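Each chain, written out:
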Amino acid sequence: TLRLICTTTAVQRKNVGASGPEKYTEAFIKKQIEEFNLGKRHLANMMGEDPETFTQEDIDRAIAYLFPSGLFDKQARPMMKHPTEVFPAQRKIQWGEDGRPFHFLFYTGKQSYYSLMHETYEKFLNVQKHQDQLIAQDLPLQKEKRNLAGSRWLTKIELEEMLLEKLSDDDYSRFIQLLQKLVALPCADIEENYIQKFSKEVPVQLQKVVIEPLQYDEQGVAFSTGEGKRKSARATAVVYDNGTGKITVNGTDILHYFPVLQDREQLLFPFQFLGRIGKHDMVCTVSGGGRSAQAGAIRLASAKALRSFVTEKEVEFMRQAGLLTVDPRVKERKKPGQEGPRRKFTWKKR
Amino acid sequence: MAAPSAAGLGWRLRAWLPRIMPVRWNRYNPSYLEPEVKKESYQKPLEELTEEEREQRELKAVRPIKAAPPTLSSSVFSDPMISKFTNMMMKSGNKVLARSLMSQTLEAIKRKQLEKYHKAPENEKETIECNPYVIFHQALKNCQPIIGLTNITKGGKTYQVPVPLTDNRKRFLAMKWLITECRENKHRRTMMPEKLSQELLLAFNNEGPVIKKKHVLHKMAEANRAYAHFRWW
Numbered sequence: 001t002l003r004l005i006c007t008t009t010a011v012q013r014k015n016v017g018a019s020g021p022e023k024y025t026e027a028f029i030k031k032q033i034e035e036f037n038l039g040k041r042h043l044a045n046m047m048g049e050d051p052e053t054f055t056q057e058d059i060d061r062a063i064a065y066l067f068p069s070g071l072f073d074k075q076a077r078p079m080m081k082h083p084t085e086v087f088p089a090q091r092k093i094q095w096g097e098d099g100r101p102f103h104f105l106f107y108t109g110k111q112s113y114y115s116l117m118h119e120t121y122e123k124f125l126n127v128q129k130h131q132d133q134l135i136a137q138d139l140p141l142q143k144e145k146r147n148l149a150g151s152r153w154l155t156k157i158e159l160e161e162m163l164l165e166k167l168s169d170d171d172y173s174r175f176i177q178l179l180q181k182l183v184a185l186p187c188a189d190i191e192e193n194y195i196q197k198f199s200k201e202v203p204v205q206l207q208k209v210v211i212e213p214l215q216y217d218e219q220g221v222a223f224s225t226g227e228g229k230r231k232s233a234r235a236t237a238v239v240y241d242n243g244t245g246k247i248t249v250n251g252t253d254i255l256h257y258f259p260v261l262q263d264r265e266q267l268l269f270p271f272q273f274l275g276r277i278g279k280h281d282m283v284c285t286v287s288g289g290g291r292s293a294q295a296g297a298i299r300l301a302s303a304k305a306l307r308s309f310v311t312e313k314e315v316e317f318m319r320q321a322g323l324l325t326v327d328p329r330v331k332e333r334k335k336p337g338q339e340g341p342r343r344k345f346t347w348k349k350r
Numbered sequence: 001m002a003a004p005s006a007a008g009l010g011w012r013l014r015a016w017l018p019r020i021m022p023v024r025w026n027r028y029n030p031s032y033l034e035p036e037v038k039k040e041s042y043q044k045p046l047e048e049l050t051e052e053e054r055e056q057r058e059l060k061a062v063r064p065i066k067a068a069p070p071t072l073s074s075s076v077f078s079d080p081m082i083s084k085f086t087n088m089m090m091k092s093g094n095k096v097l098a099r100s101l102m103s104q105t106l107e108a109i110k111r112k113q114l115e116k117y118h119k120a121p122e123n124e125k126e127t128i129e130c131n132p133y134v135i136f137h138q139a140l141k142n143c144q145p146i147i148g149l150t151n152i153t154k155g156g157k158t159y160q161v162p163v164p165l166t167d168n169r170k171r172f173l174a175m176k177w178l179i180t181e182c183r184e185n186k187h188r189r190t191m192m193p194e195k196l197s198q199e200l201l202l203a204f205n206n207e208g209p210v211i212k213k214k215h216v217l218h219k220m221a222e223a224n225r226a227y228a229h230f231r232w233w
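So the protein lines, in turn, are chains A and B.
Residue numbers for the first sequence follow full-length UniProt numbering, so the first one is 1 and each next one is one higher.
Residue numbers for the second sequence follow full-length UniProt numbering, so the first one is 1 and each next one is one higher.
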């Protein structure tokens, strides 16, 4: 363990990785890990389970069983996690006994960021050199396009965690721009390994929602339910098969409940989009909100109910048409010192 | 304090966090894309126009999509231009009234055109356009100015400099001129649909006060051609 004898201005500035003297030495963390593993085996023995296959979820369940706590905040309850999750990752001290820093970019203040930029630019120049070589030999440039839609770059927070250093938004955007330039070159496949460190897979299909199967009522008619909301209106819709296209809202016909054409158009939107106007019957209940909000809520509820009647491709088309997303727009609140959410008080010169 | 937005996909995936005060344009995460309502665009098979379209499709499959607004629908009767015009005609949020005025205008146009059609001789019957939507679109197109003027202050004096306009700005100016023309320069007792239908038919034939205003603007731009180099963008 090295005690800080003299500090430099670089260290005095708040740095994520080196905040204060090294609180957790490597030996300390190793000891914590050993203790954690021992404790895990003890816990498995206590619960009567196999110590070799005792996962983190089992640990959480065991701790919740042995130490029940009524505290509301989940972070305040007793927990047992791996030391690397509990103790934040910290940088080791960056200088030796004589006070001379190890890294050549230490005095820039953001050494890992600048060294990363240097490395990436080096790869960029490599790729350009390779490209020039291929052109000189008249060989065709490889043009396999990377699937851009299926992956995304690391976010600023993830990059900060990777480098153990605080970044500014500017720095982050510069780094991403450099990466994009690198990827845009035709021969970027050479540095594929390096680029993959900074890109993450996005789930290709955003269909994480489970589509419920159809239910059948007494006469054998298939039906399905859906719930929707918009502003403060809540609606539930039950869509029946083999219908004549009749729609009932809160016991009354839509022609009486929604005298305005726009609302009726919104109700029929999902059916018209799928081409099933005369084929389904609908019974809905709605409360809260205003006239347009109720129509939007019923539209969402009916679209959700129709998912069970329709193929997966059409569900994806409905999602891309914006029928299955909850509209998050609500009335903006009024602020103090202003007359409304945006309108300021009349400015008087005197 | 405020509820998080509809992008509840976990904080790691989006570095964007909802602000403490939700504001009109940030209720949606910036990665949300606009919805595509027309049925035909989903029925096209894979042999599409360009690679761009294919990329767009892939992108849409991955990104979340905003909810369709209540004015937008996949039926044949919803037209984005007509809804924009209706919104511009609306006063104090009375969308019901604005929409009814719009439909009465279209009806009035259709009636006038049908009258003309039935009175016209055989050979001219094909040239008369009866579809009110076509007339509306053509009239708007005819009213759009090509070049506009902005004030640029240089050396203490403000000059009117000719400047190219974006598509959105052209459409907005055309619609604004039509509406102001109808509201102000007509007799007090005439109804708005009547006034609007008159104006639209005149604009469709490249006559009328709105077209004149457009020509005046063009002439002013031509006259101030000398100051065009003041523009720096």
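Hints are computed from structural coordinates only; laboratory data are not their basis.
Careful, some of the hints might be misleading.
Unchecked claim - In silico lysine-lysine, DSS-like type, Cα no more than 27 Å apart, as pairs:
1. A:Lys-156 - B:Lys-170
2. A:Lys-331 - B:Lys-84
3. A:Lys-231 - B:Lys-176
4. A:Lys-344 - B:Lys-176
5. A:Lys-231 - A:Lys-81
6. A:Lys-231 - B:Lys-110
7. A:Lys-208 - B:Lys-38
8. B:Lys-95 - A:Lys-231
9. A:Lys-313 - B:Lys-141
10. A:Lys-208 - B:Lys-170
11. B:Lys-38 - A:Lys-334
None of these values were measured; they are calculated from a predicted model.
Consistency of the hints with the structure:
| no. | hint | verdict |
| --- | --- | --- |
| 1 | A:Lys-156 - B:Lys-170 | 40 Å, violated |
| 2 | A:Lys-331 - B:Lys-84 | 22 Å, holds |
| 3 | A:Lys-231 - B:Lys-176 | 31 Å, violated |
| 4 | A:Lys-344 - B:Lys-176 | 26 Å, holds |
| 5 | A:Lys-231 - A:Lys-81 | 41 Å, violated |
| 6 | A:Lys-231 - B:Lys-110 | 38 Å, violated |
| 7 | A:Lys-208 - B:Lys-38 | 25 Å, holds |
| 8 | B:Lys-95 - A:Lys-231 | 18 Å, holds |
| 9 | A:Lys-313 - B:Lys-141 | 38 Å, violated |
| 10 | A:Lys-208 - B:Lys-170 | 43 Å, violated |
| 11 | B:Lys-38 - A:Lys-334 | 37 Å, violated |
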